[in-house]
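Chains as they are written, first to last, in the working numbering: chain W, 1 to 92; chain H, 1 to 211.
The hints are simulated quantities; they were obtained by calculation from the structure and are not laboratory data. As the structure is a computational prediction, the values presented were derived from the model and not from experiment. Worth double-checking, as some hints may not be accurate.
Said to hold, decoys possible - Sample of chain W residues at the chain H side, in silico, Cβ under 10 Å:
1) K33
2) A34
3) I40
4) Y43
5) I45
6) V49
7) S65
8) S67
9) L70
10) S81
Ideal Cβ placement from N, Cα and C applies to all residues, glycine included.
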Amino acid sequence: MQRILSQTQSEKETEVDNFNFLTQFINIPLLLKATALLLILMYAIFAFVIFNQVRTMNKIIYIPSSSRILIVISVIHLLLSISLFLAAVVIL
Amino acid sequence: MPDIFVANKKGESKVRTSSDSKKAFHKIELPKNHAENPREIFFANKKENEEIILFLRGHIATNFPWIVISSFLIIFPLLLFFFFNFVESPFPFISGAFIVIFTLLYYLAVFAYAFINFMKWFYNTLIITTLGVVDIDYSDLIYHDVAITKLNLIEDVKYNKAGFFRSFFNFGDLFIQTAGGKENLEALGIPNPAHAAHIIANSIGKGDGSG
Numbered sequence: 001m002q003r004i005l006s007q008t009q010s011e012k013e014t015e016v017d018n019f020n021f022l023t024q025f026i027n028i029p030l031l032l033k034a035t036a037l038l039l040i041l042m043y044a045i046f047a048f049v050i051f052n053q054v055r056t057m058n059k060i061i062y063i064p065s066s067s068r069i070l071i072v073i074s075v076i077h078l079l080l081s082i083s084l085f086l087a088a089v090v091i092l
Numbered sequence: 001m002p003d004i005f006v007a008n009k010k011g012e013s014k015v016r017t018s019s020d021s022k023k024a025f026h027k028i029e030l031p032k033n034h035a036e037n038p039r040e041i042f043f044a045n046k047k048e049n050e051e052i053i054l055f056l057r058g059h060i061a062t063n064f065p066w067i068v069i070s071s072f073l074i075i076f077p078l079l080l081f082f083f084f085n086f087v088e089s090p091f092p093f094i095s096g097a098f099i100v101i102f103t104l105l106y107y108l109a110v111f112a113y114a115f116i117n118f119m120k121w122f123y124n125t126l127i128i129t130t131l132g133v134v135d136i137d138y139s140d141l142i143y144h145d146v147a148i149t150k151l152n153l154i155e156d157v158k159y160n161k162a163g164f165f166r167s168f169f170n171f172g173d174l175f176i177q178t179a180g181g182k183e184n185l186e187a188l189g190i191p192n193p194a195h196a197a198h199i200i201a202n203s204i205g206k207g208d209g210s211g
């Protein structure tokens with residue numbers, strides 16, 4: 001029983017050692033930050049595409065009561081995504 | 001002496017006051033899925049003498065799938081947070097700031113998913129006018145297609161309404177066959193397709209004579 005316990009403990013220690021070995025070469029927080037910023041930046045571009053698409057579609061078909069609201073929503077969405085990017089730059 | 005007739009001064013009727021614009025701004029209505037003889041709708045290539053007879057978009061019930069999926073996606077992180085309260089996190093190196101930023105990004109993405117689906121419903125329209133039929137297809141964020149057919153080019157119109165939900169909510173698909181190599185038009189999931197088919201069938205052959 002004790003042999004099995006010591007074997008499990010040694011396996012855990014090996015895993016921790018491997019993790020420490022990896023972190024020596026890769027800065028995980030920095031990698032995560034870069035990935036997050038890239039993702040949010042891509043999302044902001046995507047939000048701009050949505051805004052552009054709403055503008056284009058409003059030129060094809062315009063319903064005064066609703067089309068205006070869609071434009072406002074797409075602008076808010078774009079501003080939120082840009083704000084998130086700026087927040088990520090500051091916080092992360 | 002009292003005035004019997006007073007002519008409008010030039011340009012007087014076109015002047016919009018700030019109270020008018022406020023009234024217009026406050027006039028917010030929910031988007032309708034069909035309207036007969038709407039005057040406030042404008043579309044590209046609309047001619048001066050052209051009037052809209054029927055305006056159609058998908059039935060409100062066609063939105064249920066994405067509303068259900070979005071609702072689940074909204075609740076999902078809350079369930080995940082609840083779960084990780086009891087279980088040790090498998091990613092101890094992820095800080096609280098990362099979790100906050102990723103959660104916000106996730107909710108923005110869910111919002112975008114819902115918004116794009118709403119846009120699909122909102123912009124997928126079929127407009128029957130006194131001169132022709134305009135079919136606006138918006139199937140993807142980077143794809144839209146506008147087809148305009150004159151009434152005298154319409155050869156056949158048919159609709160189908162199959163399934164329990166379609167019969168219950170009274171919506172179905174409408175297909176308009178056009179002459180020769182012209183593109184056929186279709187409106188999917190529209191409310192009361194029989195009525196729309198009836199209006200188009202009555203209009204066949206009318207309109208501008210020049211093909």
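The hints, checked one at a time:
1. Because the beta carbon of K33 of chain W sits about 8 Å from the nearest beta carbon in chain H, less than 10 Å, this interface hint is met.
2. Because the closest C-beta pair between A34 of chain W and chain H is about 12 Å apart, greater than 10 Å, the hint is violated.
3. Hint on I40 of chain W holds. Least Cβ distance to chain H is approximately 6 Å, under the 10 Å limit.
4. Given the 10 Å rule on beta carbons, the hint for Y43 of chain W holds: about 6 Å separates it from the nearest Cβ of chain H.
5. Interface hint at I45 of chain W: violated, since its Cβ lies 12 Å from the closest Cβ of chain H, which is beyond the 10 Å cut-off.
6. At its closest, the beta carbon of V49 of chain W sits 6 Å from a beta carbon of chain H; the interface hint therefore holds under the 10 Å criterion.
7. Residue-level restraint check for S65 of chain W holds (minimum Cβ-Cβ distance to chain H is 5 Å; threshold 10 Å).
8. Hint status for S67 of chain W relative to chain H: holds, with the closest Cβ pair at about 9 Å, below 10 Å.
9. Taking 10 Å as the C-beta contact cut-off toward chain H, the hint placing L70 of chain W at the interface holds, the least distance being around 7 Å.
10. Satisfaction of the interface hint for S81 of chain W is found here, the shortest Cβ-Cβ separation to chain H being roughly 6 Å, below the 10 Å cut-off.
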